[in-house]
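Engineer: Residue numbers (my numbering), protein chains in the order written: chain A, 1 to 98; chain B, 1001 to 1438.
Treat the hints as calculated values from the structure; they're not laboratory data. Since no wrong hints were added, every one of them can be taken at face value.
Per label pair, the in silico range of CB-to-CB distance:
1. 24/A to 1287/B: 32 to 42 Å
2. 1408/B to 78/A: 38 to 48 Å
3. 63/A to 1216/B: 23 to 33 Å
4. 80/A to 1287/B: 19 to 29 Å
5. 53/A to 1394/B: 48 to 58 Å
6. 1085/B to 4/A: 22 to 32 Å
7. 4/A to 1190/B: 29 to 39 Å
8. 1006/B to 4/A: 47 to 57 Å
9. 1106/B to 24/A: 22 to 32 Å
10. 56/A to 1217/B: 23 to 33 Å
11. 1066/B to 56/A: 55 to 65 Å
12. 12/A to 1039/B: 19 to 29 Å
Glycine included, C-beta positions come from ideal geometry on N, C-alpha and C.
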Amino acid sequence: MEKKDNKKSIQDKLSTIKYNCASETHLKVDEKKCLKCSEKTCTFICPADVYELEPETGCIIVRYENCLECGACKIACPKKAISWEYPQAGYGVIFKNS
Amino acid sequence: MDINYNSDVIVIGAGPCGIAAALEVARGGKKVVLIEKGEHPGSKNMYGGAVYDSALREVFGNEVDYLPYERIINSYTWSFLNDTGSFDMTYKNSSSRHAYAIKRFNLEKWMVEIAKKNGVYYIPNTLVEDLIIKDGYVTGIKTSLEEYYAPVSIIADGVNSLLARKLNLRDDFKPYDMILSAKETIKLEKKVIESRFNLSEDNSNGVCKMYFGGLKEYKNIFMMSFLYTFKDTIMLGVGANLADLSKNKLNINKIIDEIKSHPDIIPLIEGGKTIEYSAHLIPETGFNKMPELVVPGAILAGDAAGFINSVHFEGTNYALISGKLAGEAALCALNNNDFSVNTLSVYKKKLSKSFILKDLYTYRNIIHKLYSRSNSLSYYYPYKIKEFFEIVTSANCYSKSSQFKKFLFNFIKDRSLSELIKDIKAFSRCAFDMLSGK
Chain A
1 MEKKDNKKSI
11 QDKLSTIKYN
21 CASETHLKVD
31 EKKCLKCSEK
41 TCTFICPADV
51 YELEPETGCI
61 IVRYENCLEC
71 GACKIACPKK
81 AISWEYPQAG
91 YGVIFKNS
Chain B
1001 MDINYNSDVI
1011 VIGAGPCGIA
1021 AALEVARGGK
1031 KVVLIEKGEH
1041 PGSKNMYGGA
1051 VYDSALREVF
1061 GNEVDYLPYE
1071 RIINSYTWSF
1081 LNDTGSFDMT
1091 YKNSSSRHAY
1101 AIKRFNLEKW
1111 MVEIAKKNGV
1121 YYIPNTLVED
1131 LIIKDGYVTG
1141 IKTSLEEYYA
1151 PVSIIADGVN
1161 SLLARKLNLR
1171 DDFKPYDMIL
1181 SAKETIKLEK
1191 KVIESRFNLS
1201 EDNSNGVCKM
1211 YFGGLKEYKN
1221 IFMMSFLYTF
1231 KDTIMLGVGA
1241 NLADLSKNKL
1251 NINKIIDEIK
1261 SHPDIIPLIE
1271 GGKTIEYSAH
1281 LIPETGFNKM
1291 PELVVPGAIL
1301 AGDAAGFINS
1311 VHFEGTNYAL
1321 ISGKLAGEAA
1331 LCALNNNDFS
1341 VNTLSVYKKK
1351 LSKSFILKDL
1361 YTYRNIIHKL
1371 YSRSNSLSYY
1381 YPYKIKEFFE
1391 IVTSANCYSK
1401 SSQFKKFLFN
1411 FIKDRSLSEL
1421 IKDIKAFSRC
1431 AFDMLSGK
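Chain B with its partners taken away, still in its complex shape (with noise of 0.2 Å):
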């Protein structure tokens, strides 16, 4: 083809994936350019709140050292919401530095830092309009100003990502298929939140508390809710499938406010104030669903690929690790100057030993099997949680095991036999992906 490239690789979008890819590529000795359309990177981005070490370190080495972090997640609840309280379950590792809590503004910007020392041309204020496509290759981008030549382009645009659906890669997006997350940044005193959470002052721990359930009115919305400890700030947020929102007429901020009048949630924000207030969507196409991750010139890669695990909370990780291997294979390409989907698919093949396709085959089904049990998860159990933790805790003057006997009796009579077979097979199957996974 007769192009002048400006460069080796454009890479669009820079999130953890985008910077990651463009520093890949960079560190190969060929030039890259890093586009993003917000003026600030991360000015776009919001997610519950922790970067995890392995998946930094992986991409960024000893850099992480001077990551800029506000705390490190070290204590993590699991919380099942009733009307008065709550059954948590609490896994804390003081001295752990598995995940920081860092706000996407300052994690982008630190990012993007390391990025332009190692070389990678970094262009905000840059929306991405369109791609070029020349002989069946994507040989460059168009902006609002001008048009821009490369033999590979990137694309790690996020989850709505406009780009992959104009080639094609993927359908439209089903509601089913997405979580619509919503939170609240809540300032407080930093000591305040230290000893609200039993919380050091040098920020070596912090807290992580998922919740399910805790809705009074609707029970069969498929929704977790979460906090995260910052330095004096406390993230509240939920997460809710946008199907079950729309079948529900019900708004995110709605779920927010509800579960912010929570009697366990209550005390944790008392005198805090909302700083600001953010929403994104998640993607829940996992691997059944995946887009097409390759084309002749050009790779697709992070959030806007689907790459996510929210059973775990995951996405960061899949994100820097997918950019990092989208940059491999774009050097292999450029080493080979070959820019046709069979040297451009190393980066599936790279992407199968990882523990990105591994993990979204294991999960594949997971999500939308609980999906499928959001009223035993978000309500029934919770609920039955709440009864037998009275009989346990009420010290009344019945026998226990009358008690004990009546609990088991009300758990059959009051959801139907079938009910509970289902839910032993939704969760007995995802036992089984889990160990029968890669």
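For reference, chain A alone in the conformation it holds in the complex (with noise of 0.2 Å):
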């Protein structure tokens, strides 16, 4: 429940953002890795909670069109199964009251 109330407020401080969405993601996960990562660091430690396991299959749902781009996920991966860029040119979170 308390987890849920954190993406629910997630959720709500994203809607405050500005983005320049791109058509292609910026964050790609390494599936093979994934699938033997039993801490799934991703999941928690996103503050925009890009990331979410899919329970049926195990997979790692990248939503990375609300990315801060801050790099915590590619960091604290233990696998290193995050590949990580910026968004193309002129794409991306657009911070305007930070």
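Fit the two chains together into the complex; they arrive one by one in their own frames, and the hints show the way.
Structural biologist: Below, the structure is given as structure tokens:
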């Protein structure tokens, strides 16, 4: 329940942010490594809740369009399974009040 | 080398560091392009909330008089939070002008305009995908559209610096060496902020509050929270060690929400509306894990080099000055027409003489020493302070001496002696480093 509350809180806050959403993802996960990962750090560490575990398949869903481009996921991933690039030029998050 | 150079210097990243570097090169009469991946400069950037006058003047001179800041920050509070309240220390100097609260979108825009006026060729909306290397020298950059050549590249692409990694200037980051920070920009009426924080209407004063502790459930998280007053917004955020967050399976937003519900914070943000949420990493690599700063044809500066002093919430000043020094080194190399490490290393010499490397050296162990005592700082002492002041302020019907004796007894009993010794060792080591630093 508590986890859900935090997800809702993040969703509310993400709705305040302006994005120029790219058509292609700048974040990729290596599914083979993810399946072997017991920590699934990406699913709780991301401040924008970009990563979600699909329980049936064990795959990670990547909602790259919410990404704040902080880079925490890549560094925290114990399997080094996240390939992290900047979004295409001019795309991604636009902080106007930070 | 037989290369048709498009420009003398390429600067990658239009943050405070890159802009300062480009400006320095342009003032030296050389051709410089400043490349920014975002559509607007500053749109990818976030900080606690203050940029410093001294470093700004080093780079922008008297133009700083026209900085479109929101408030001058000149009241500082260090606050130890417990479950029901806090112990605060405040230092205030209403006439000082050392720090300005300004949103990054506006700060970088202002800086870029000055750079452009001085001849910097500014190119936004352009992502540098790779560096071009010929005969061991960085000779240019690749974007998705074209290749662009210059004998010197200044890499100022921020904390995640993918280019520094590509050049093998550093290893992959470890979570332990990173602080994840997130904040909310909370909108309130200007008048409300002024009455709540006792500020004047002319924006000539503002408040920075730094909070230790405040989490009920997590007692071993190395974290701090901060609050800055802007004109009609408040910046409220937290920073926590990434390894701690991982270990505790804790999301940074949860910490923000818990801090927001602390009895000390609630009345400060009451009635406010969050208008932006942001997150960023802060490098803690410091002196001990500093990347290679110079390679043939390229210089690394700013956050990309890990130049930051998180103990004092300083970062923009390190960025500005390291950028300026990188620009000076580039000019020196251009004048000698020599772009080897030997010549570009003048950058490292300049850094060593400046506060940047001196302070990084002085603080080389401090943040990790404090980190090792995170339970003490974020939990144990804030609660002992509470116990102490309960005795002082409760005016109960017990003798003071008996209560103080009990307090002292518990102070030692509640904590194993070894933990106390570890605290003393860590804090005295910090003090020793400060006094024996450069």
